[in-house]
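Peer 1: Between the sequences and the hints, there should be enough to build the whole structure, so can you do that?
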Amino acid sequence: MVANAHSLDSPALPPPRSETGAIGWARENLFNSRFNGVLTVLAAIAIILTLWFSIRWAASEADWKVVTRLGSQFVIGQYNTESACPGQNCAWRPQVGLLLGIFLLGMAWGVAGKSIAKPVALTAAIAVSAMAFVPYSLDRMGWDTRLLLLANLPAVFAGLALARYTPLGNVRGIILAGVAAFSLTLVLLGGWVPGLQPVPVLRWGGLLLNVILAVAGIALSLPIGILLALGRRSHLPVVKTLCVVFIEVFRGVPLITLLFMSQVVVPLAFPQDFSQNSLFRAAIVITLFSSAYMAENIRGGLQSLHPGQAEAARALGLHGWQITFLISLPQAIRNVIPAIVGQFIALFKDTSLVYIIGMLDVVEIGRAFIQGNPEYLASAKELFIFLAIVFWIFTYGMSYVSRRVEQNLGVGTR
Amino acid sequence: MTTEGIPQFLTYQGIPLWRHVRVLQWALQIVSGVLVVVLVTWFFFNIGNAINERDIPYGFSFLQRAYQTPIGHSFIPYSPSNTFLYAFLAALTNTIIVSIIGVILATILGTFIGVARLSDNWIVSKLATAFIEFFRNVPLLVQLFFWFYVVLALPPIREGYAIAGRLFINNSGVSTPWPAAPSAPAAAAWIALAAFSVIAGVSLYKRLTRRETMTGKTSYPVLYGAIAAVAIGIVSWFVVAAAFGQAPLVISNPEPHGAFGRLAGGFTAPAGLIALMIGLVMYTAAFMAEIVRAGITAVGKGQTEAAKALGLSPLKALRHVTFPQALRVIIPPMISQYLNLTKNSSLAGAIGYSDVTNIAKTMTQTAPAVSIFVMVMIAYLAISLTYSLIGNLYNRRVRIRGR
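Going down the list, the sequences are from chains S and P.
Add 988 to the 1-based position in the first sequence for the working numbering, that's all there is to it.
Add 158 to the 1-based position in the second sequence for the working numbering, that's all there is to it.
Keep in mind the hints are simulated off the structure, nothing from the lab.
Each residue gets a CB set at the ideal place from its N, CA and C atoms; glycine is no exception.
Check the hints yourself; a few may be wrong.
[Claimed, not checked] Derived lysine-lysine pairs resembling DSBU-like cross-links, with alpha carbons at most 30 Å apart:
id: 1; chain 1: P; residue 1: 474; chain 2: P; residue 2: 459
id: 2; chain 1: S; residue 1: 1106; chain 2: P; residue 2: 284
id: 3; chain 1: S; residue 1: 1369; chain 2: P; residue 2: 284
id: 4; chain 1: S; residue 1: 1053; chain 2: S; residue 2: 1369
id: 5; chain 1: P; residue 1: 364; chain 2: P; residue 2: 474
id: 6; chain 1: P; residue 1: 466; chain 2: P; residue 2: 364
[Said to hold, decoys possible] Pair by pair, the computed Cβ-Cβ distance ranges are:
id: 7; chain 1: S; residue 1: 1152; chain 2: P; residue 2: 292; range: 32 to 42 Å
id: 8; chain 1: S; residue 1: 1318; chain 2: P; residue 2: 194; range: 27 to 37 Å
id: 9; chain 1: S; residue 1: 1190; chain 2: P; residue 2: 196; range: 30 to 40 Å
Peer 2: This is the structure we're talking about:
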């Protein structure tokens, strides 16, 4: 009895060793049944073998010369070649665009404060600046190129300061600055100001081309998609029919077919002296294609709203446009953020299809190089693994940011 | 002062017309309708002008002309003397077959990975996550090029791998034994009878399943269904063989032929087709896995727990309880993935496979582009509509029936 009473006062024994720590975790998550135990062992063996062979291949057998050989062409394509930009060094122009982009990220950091914007802006600025120390020969790029790359680190802080200490530090300011920066970049790249050597858009290439198409597409396809979604839900028969036909036709045909046909058929549909360029056409086709999908996503979001929202707004005295733009759309868009970002990611991936109209995006630069230089044919695998990683960084980054934004907005918890 | 005698619209004192909702709505409709009509007319006018001025061919009469260009690979026999129409249909057949096989393989792989993603085994679920996050975030084009150059890096035909002397793997593709029909009517007769045997087997399976659920008697529906199908198939084989004096189908083996060791016989899937298939299946399966996962998580946890309480094994619970309910959530997005796979098969041209877009692109060099554009659009829209129709019919069968 006494011994028992004593033991009541003594602290409770810890759980057995086999239920806590690494062993407990493994029992819980890896070996909780005989079937799972076998699966774990098989999967572990498969992972170890795959890792072993791929690391050995990547380190010893793989020949990464094709990647270093192409170097800056991945980024700007043939923009800075002698034929594109004769007599001048044009490498600084895309770099100014990059600086402006990093500057905008800094502004976003200043506006959004402690959120995902800060790590994104800092990581991007540091990663880009670190490119200045890449030892490979950067074609016609010299120390000035490397200095401009280093300038990205101050740029992010300049953006931060502008957002913190001037009246531009709000969402409207960022949108204004973004539009200005994008237009300035386009003007610089094209050399459409006196004194600059004009560079034909067919020479814009590499990742630069993918990013320009993606940014233009993302910025335009969201508003067009919203309008199409509203049109499809409207009660006006003519407007509704037009929107349904547009959406279904663009969703029913592959983008590559549309892009190719835009090259062959669209020039016929305009007067002969109508000035056109393939970049512009590609941007329009990609944007329209993407906005058809965007419209369906947003329609899904609008359908997920309880009709009580619109009725309550009407009872409060708001009228049609106010209900749509102040009550329904903000909630609808918040509900379908993953789908919208998924569409942005799809759009970014789809920019690789412009090869069909003869533009040299980052994928086509590599493929054309392999085709033109058969001695590199054996290292095609390395090239496409490299390209896969480059795209993956962008697309996974986008989906990661979207998940964090969703968390901050409290989707699904309110 | 009286208003009598004056028409009513002159004395209208309601909301001003420029702020009247109904007037505004009608104005919007008329303006947008007229705009679109004007734009489309303008385009056609310009196309007509271009046709006249630049002497561009138009119309569909080219369809009866011989195409006179070889097609890289086609599932139906094709020779360059065939017409444009036949060549277009051959390419369309390629697209449809790639799409159907791709859809089946991707559904199987996607379901498997989606279930693995939800496994309570940490390693398995993380492996599935890694697969999904990698394959859906890399452009399909990059993946296709990767697989294509992997196949091209295989040894050439004469030094290629030959497995058991039947299966040949080399840099021009994969060759396998394939059934060949010595006489077409015999093969057609047997295939019709075989289809009948499958139908018979399935209906027997359904009858026995119903008996089992109604009476509780163990009836082995799968076993008896399979026996019935196979038995009728074998019997009809011998009947057809006796009636026509030869076997309806024989196995044709690929065999090295001629000076370069080229393979004749069997079925050869060219490098482009292999790469296209692997790329499409992996890419689409990654998206499908997420759909399957979302569908399974949408089924209430109580359902799984109830199944467990009834003593069903995890696999049986998945098969009989979770999956049938998850299907309702899974099917609509799955159909749109089927459509995506079909549309994505148009990337085949990049790796030299002759799908309908690729052949249409080549055809525009010798035939009117606008007509071909219309044909390609109609082809893809028809495929899309067919998939949607089948999907919606199936969806209607599995949806919750209100009582």
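Peer 1: Are any of the numbered hints broken by this structure? If so, which, sorted upward?
Peer 2: Violated hints: none; all satisfied.
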